[in-house]
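J.: Here is how the chains run, residue by residue.
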Amino acid sequence: MEFVNEMRLRFKALAENEAFARLAISGFLLPLDPTLEALADVKTAVSEAVTNAVVHAYPEAPGEIDMRAGYAADGTIEIDVIDRGRGIEDVEKARQPFFTTADGDERSGMGFTVMESFMDRVSVRSAPGKGTAVRLYKRIAPRDEAVPRRA
Amino acid sequence: MESLDREVEDSMLFYEKRANGLAVRLTGELDHSAARDLGSRLDALIDETGAKRLMMDLSGVDFMDSSGIGLVIGRYKRLKRRGGGVTLTGTNARVDRIFDMAGVYQLVDRGERRRG
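Top line first, the protein sequences correspond to chains A and B.
Heads up: the first sequence is residues 0 to 150, going by numbering that gives the first Met the number 0.
Heads up: the second sequence is residues 0 to 115, going by numbering that gives the first Met the number 0.
It should be emphasised that the hints constitute simulated quantities derived from the structure, not laboratory data.
Bear in mind the structure is a predicted one, so any value in this text is a computation, not a measurement.
A couple of the hints might just be wrong.
Said to hold, decoys possible - Derived Cβ-Cβ restraints for the label pairs, each shown as a range:
#1 D32(A) to G82(B): 49 to 55 Å
#2 T75(A) to R81(B): 46 to 52 Å
#3 K76(B) to P58(A): 22 to 28 Å
#4 D61(B) to A140(A): 21 to 27 Å
#5 D32(A) to R40(B): 34 to 40 Å
#6 V3(A) to K51(B): 32 to 38 Å
#7 A71(A) to R81(B): 21 to 27 Å
#8 F2(A) to K51(B): 53 to 59 Å
#9 R7(A) to D95(B): 31 to 37 Å
#10 L8(A) to A92(B): 27 to 33 Å
Ideal Cβ placement from N, Cα and C applies to all residues, glycine included.
Based on the provided sequences and hints, a complete structural model is requested.
T.: So this is what it looks like as structure tokens:
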């Protein structure tokens with residue numbers, strides 16, 4: 000995909016950076032003039048992806064999370080949330096609703112389900128011991144396109 | 000919630016002990032970071048008041064991800080053991096959508112919603 004705008008961020012895998020990641024992606028997407036609904040969809044999906052990395056990637060000490068985003072002229076956005084943590088043994092299993100390995104932490108296991116529901120497409124690449132990359136896709140229609148036009 | 004017995008400033012959580020249980024109003028962004036803290040604070044309040052029913056008003060929540068599911072279900076399990084439960088009010092369509100994905104409304108009671 001050819002991007003007309005791109006950004007990269009690196010932050011520590013800490014719970015307090017979940018809000019930062021949501022704020023950062025919102026700010027980056029503002030030139031697309033998204034509806035509040037579309038922006039909330041993206042914020043929710045980013046929050047889930049970053050939370051997964053915060054909770055699961057680095058059991059010993061918090062490492063880093065990279066967030067990269069770009070959008071094309073037609074408003075298609077692509078967001079990567081990448082960690083270099085312990086990785087996921089079985090990605091298919093991890094994507095199932097209610098699957099969680101964080102039993103003591105009240106995690107619902109619904110993170111990927113929520114991402115899939117609010118985005119057009121979600122792809123996950125992971126290698127045990129090397130890390131996980133989640134890619135989120137969505138086409139954001141500008142606000143004036145989101146309302147039905149008169150014939 | 001007009002007549003608060005106690006109100007915690009600088010906090011996401013306002014609460015009031017009522018005859019039929021513990022009423023709480025959550026405000027702000029309900030993510031994993033907030034839920035960790037809220038879960039233990041709600042549990043402490045439930046234990047302190049001996050409430051069997053928790054009425055959670057989410058009308059002041061501006062953002063919620065799946066962490067909200069864990070927060071509600073965690074409290075539901077705790078109160079269920081005492082023969083009580085949870086009632087959710089003030090949810091918007093987006094919050095309902097997330098709770099519906101996890102079947103939360105099969106376990107907890109749904110009160111009044113909000114628009115938008």
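J.: Would you mind marking each hint as holding or not holding in the structure?
T.: To see whether the hints hold, each was checked on the structure:
{"no.": "1", "hint": "D32(A) to G82(B): 49 to 55 Å", "in the structure": "holds, 52 Å"}
{"no.": "2", "hint": "T75(A) to R81(B): 46 to 52 Å", "in the structure": "holds, 50 Å"}
{"no.": "3", "hint": "K76(B) to P58(A): 22 to 28 Å", "in the structure": "holds, 25 Å"}
{"no.": "4", "hint": "D61(B) to A140(A): 21 to 27 Å", "in the structure": "holds, 23 Å"}
{"no.": "5", "hint": "D32(A) to R40(B): 34 to 40 Å", "in the structure": "holds, 39 Å"}
{"no.": "6", "hint": "V3(A) to K51(B): 32 to 38 Å", "in the structure": "violated, 57 Å"}
{"no.": "7", "hint": "A71(A) to R81(B): 21 to 27 Å", "in the structure": "violated, 54 Å"}
{"no.": "8", "hint": "F2(A) to K51(B): 53 to 59 Å", "in the structure": "holds, 55 Å"}
{"no.": "9", "hint": "R7(A) to D95(B): 31 to 37 Å", "in the structure": "holds, 35 Å"}
{"no.": "10", "hint": "L8(A) to A92(B): 27 to 33 Å", "in the structure": "holds, 30 Å"}
The structure shown violates the earlier hints numbered 6, 7.
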